[in-house]
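On the provided structure of chain F, position chain G as indicated by the hints.
In the order they appear, the protein sequences are chains F and G.
Heads up, the first sequence is in my numbering, so the first residue is 1 and it goes up one at a time.
Heads up, the second sequence is in my numbering, so the first residue is 300 and it goes up one at a time.
Treat each hint with caution, since some may be false.
As the list claims (entries may be wrong) - Under 7 Å between C-beta atoms, here's a sample of chain F residues computed to sit facing chain G:
(1) P28
(2) A109
(3) L113
(4) L119
(5) F123
(6) I131
Hints are computed from structural coordinates only; laboratory data are not their basis.
Just so it is clear, CB atoms sit at the ideal spot from N, CA and C, and this is done for glycine as well.
Protein chains: 2
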Amino acid sequence: MTIKEQLAVRAARVEDFLVLCMRDRGIPERLLRSMEYSLLAGGKRLRPVLMLSWAGLLGSEGVTDRIMPFAASLECIHTYSLIHDDLPAMDDDDLRRGRPSNHKQFDEATAILAGDGLLTEAFGLMSAASIVNGLPADRVLRAVFVLAKAAGAGGMVGGQAVDMELTGCTDVPLDDLRTMHAMKTGALITAACECGAILAGAGDADVENAREFGRNIGVAFQIVDDVLDVVSDTETLGKPAGSDEAMGKSTYPSLMGLEKSKSLASDYVEIALTRLSGYYGAEQEFLWQLARYIVDRVY
Amino acid sequence: MTIKEQLAVRAARVEDFLVLCMRDRGIPERLLRSMEYSLLAGGKRLRPVLMLSWAGLLGSEGVTDRIMPFAASLECIHTYSLIHDDLPAMDDDDLRRGRPSNHKQFDEATAILAGDGLLTEAFGLMSAASIVNGLPADRVLRAVFVLAKAAGAGGMVGGQAVDMELTGCTDVPLDDLRTMHAMKTGALITAACECGAILAGAGDADVENAREFGRNIGVAFQIVDDVLDVVSDTETLGKPAGSDEAMGKSTYPSLMGLEKSKSLASDYVEIALTRLSGYYGAEQEFLWQLARYIVDRVY
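Pulled out of the complex, with its shape left as it was, chain F reads as follows (with noise of 0.2 Å):
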């Protein structure tokens, strides 16, 4: 199977969960739609393929199994984050893998509503790892710590604020918009490479691993994503292509040109793939080919 293969049969067992997690909780019948309308849009499950495979790597037999909740709930927070970016008062955006984004297809109320609602039940999902699913609680709690710090406002929420105050300025210094991208899309990815070694009950030594790949493959993701936004079309991205020049948003190629950004990307991958060195295994070539897709989407 090619990496891509291997995502998507990965993906799918993610999907298989996430298609019933909202079900039987008594959630209103609208903001339940809006929730799915989001939640089931595809994707490529990245966050939590990232999460299950770490675990899987240091942990025992059937790990992967048990932490699929709290696998599911990077998806969870990961869209509600989608969501509320696209809202009017954000980035504005009315398209979202290629479909209408929430608040267009339902309402702005709505859409509020579902992301919180996506928030507040990930963390539920979390600790049903442990209540539901018997991992140890200490772990589980450690993880939830780990996960709250880089989903919130110094983390993904705080990189949010940041890139909307620095929209529209031109000539951002590349530390500002490394640091803002560190919050924004790296500190999600790196948690959930974290929070499965975590999760595996793994060492110190293990979970530092965990984390420098995470961050690494995080900072060439979001290179890429710069990237593409530049090299490819509305229809490939699901979104407006260009969207980023168009609301004058500073981007690594903006800042330093589109043959050095891909470069860069690749110096990240290489970085990221010295803490895959002391491992084996499937899981371990899975990682390992991941970091490399990662990059060789832009070539």
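Below, chain G alone, put in the same frame as chain F:
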């Protein structure tokens, strides 16, 4: 001390924690100001105080200090819900606690993100009750599970969604109104009491007493809120009086009249008090008086 003074003393203790809890977390400066603007805008701190008091009633010495981060997280969740409810796409309120609402003081994007940030940080604070303060992880995780359900799309968030749907409908059936309020405001008050008992390590019967006490004072609290919106003035409320009627919201007074509403609130408080009958001491006395105080505000 009167119950009002006792409540103020306990609120001040929560306040002391809230003042510091968002600092040194790497939150961008303007976002932090926006979060603290609403979090530190006063308020009775009813939910944390209820949690601390139930934990004090049922737990061992020092338990209230250890669960303080968890208690504070309730105020973060309550505050985020107010910020989002006030947004133009929702209730469109310009005034909150006598000051401009968050999106008026800052801007809409910042208000959305401040709410998202407070909600996410809340779960970080909950896990800190174990990771920093050493409470048993299984207790804390069970409380996280209960709280996520109460605050989520089948609870508080769902209640707001139903409230939006019902707004403008006259003659909403009383049962629908009760269900909506049970989700929108009741669920978090109920969870505050229940989680106080859980965090104290109480047994099932005590946890049930805490939960049912919370459920009943929650209903009473909402009825009284509706009554105050009719009989009070804008200055006392800190928000526009008569706003329910102006927005075409069905309320207890609009469906059953003022006197019947007041008497119904008293009935719920009486039911709540039966749940305190087996306990003794200062915390029992405080909870008893607090329950009475809720309904006394309208006399």
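* To do: For the hint on F:P28, just tell me whether its beta-carbon gets within less than 7 Å of chain G.
  => holds, 5 Å
* Status of the hint placing F:F123 at chain G (closest C-beta pair under 7 Å) -> With a closest approach of 5 Å, the F:F123 hint holds.
* Measuring from the C-beta of F:I131 to each C-beta in chain G, is the shortest one below 7 Å? -> With Cβ-Cβ at 5 Å, under 7 Å, it holds.
* To do: Tell me if F:L113 is really an interface residue toward chain G, meaning its C-beta lies closer than 7 Å to one of theirs.
  => Holds, because the Cβ-Cβ distance from F:L113 to chain G comes to roughly 5 Å (cut-off 7 Å).
* F:L119 as chain G interface residue, shortest Cβ-Cβ below 7 Å -> holds, 6 Å
* Asked: Going by Cβ atoms only, is F:A109 closer than 7 Å to chain G?
  -> holds, 5 Å
In summary, the structure agrees with every hint in the numbered list given earlier.
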